[in-house]
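One letter stands for each residue in the lines below.
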Amino acid sequence: SQQGEEDPQALSIQEGENATMNCSYKTSINNLQWYRQNSGRGLVHLILIRSNEREKHSGRLRVTLDTSKKSSSLLITASRAADTASYFCATVGNQFYFGTGTSLTVIP
Amino acid sequence: GAVVSQHPSRVICKSGTSVKIECRSLDFQATTMFWYRQFPKQSLMLMATSNEGSKATYEQGVEKDKFLINHASLTLSTLTVTSAHPEDSSFYICSAAQGAGGGTDTQYFGPGTRLTVL
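The listed protein sequences correspond, in order, to chains A and B. If you read the first sequence in our numbering, its first letter stands for residue 1, the second for the next number, and so on. If you read the second sequence in our numbering, its first letter stands for residue 109, the second for the next number, and so on.
In isolation and in its complexed conformation, chain A is listed as follows (with noise of 0.2 Å):
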């Protein structure tokens, strides 16, 4: 399969704390996506970094990429209750494939 694998599959962290999520993915790339989803809702585009860059920052977000390793993170710093969804990596080289996923709840 080509989709992406995100861990952890779930993280709970209490607001204020950081978290990240790790995507891992097997073929060559052309830019790697993050997405937000809110339960039942759909997907909300984040940030992008393509694959000549290392690192990316957005507001509360740093997304790095590792292209040796073919893997990315995603940095949340100061989380809030609100950043509560699920984030899905996206690897775009000739398609978009998704990861699986990971589950984000943040404790008021």
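In short, the hints are calculated from the structure, not lab data. Any given hint could turn out to be false.
[Said to hold, decoys possible] Below, in silico cross-link-like pairs of lysine to any residue (SDA-like), each with a Cα-Cα straight-line distance of 25 Å or less: (1) B/149 x A/14; (2) B/128 x A/42; (3) A/69 x A/103; (4) A/26 x B/149; (5) B/163 x A/93; (6) A/70 x A/14; (7) B/122 x A/41; (8) B/174 x A/73; (9) A/26 x B/214; (10) B/149 x A/81; (11) A/56 x A/40; (12) A/26 x B/170; (13) B/149 x A/53; (14) B/128 x B/117; (15) A/69 x B/153; (16) B/149 x A/55; (17) B/149 x A/17; (18) B/172 x A/94; (19) B/149 x B/226; (20) A/26 x B/117; (21) A/26 x B/168; (22) A/26 x B/154; (23) B/149 x A/85; (24) B/149 x A/61; (25) B/149 x A/54; (26) B/122 x B/172; (27) A/70 x B/214; (28) B/149 x A/45; (29) B/149 x A/7; (30) B/149 x A/106; (31) B/149 x A/5; (32) B/149 x A/46; (33) A/70 x B/154.
All figures in this text were calculated on a predicted structure; none of them were measured in a lab.
Since the structure of chain A is already known, use the hints to place chain B on it.
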């Protein structure tokens, strides 16, 4: 930003009936549209890719006669689930891209349609 809508957002139907889901790009022309399926607490699985005016390309294991896709214009694609059964109950999400949707092209996602087959 680019907006993609889906209609209906929820549909409940009886087993054996057909259901049509619409995906529209509201403020851009979508050369390519994608249909995904998502089971509870699972990831999105690509079902098919459709290009305006041509036949859809289905992923392995997806029945093309079961899931009919029509991309009649640059702003509209439809997915028809024919003779729906309870196992077809799922969350269906479309996305649209101005280009081919791969590489550095951006896909814009619709809000999804929850299908429940009784």
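Hint numbers not upheld by this structure, sorted from lowest to highest: When the structure is compared with the hints, numbers 6, 8, 11, 13, 16, 20, 25 turn out to be violated.
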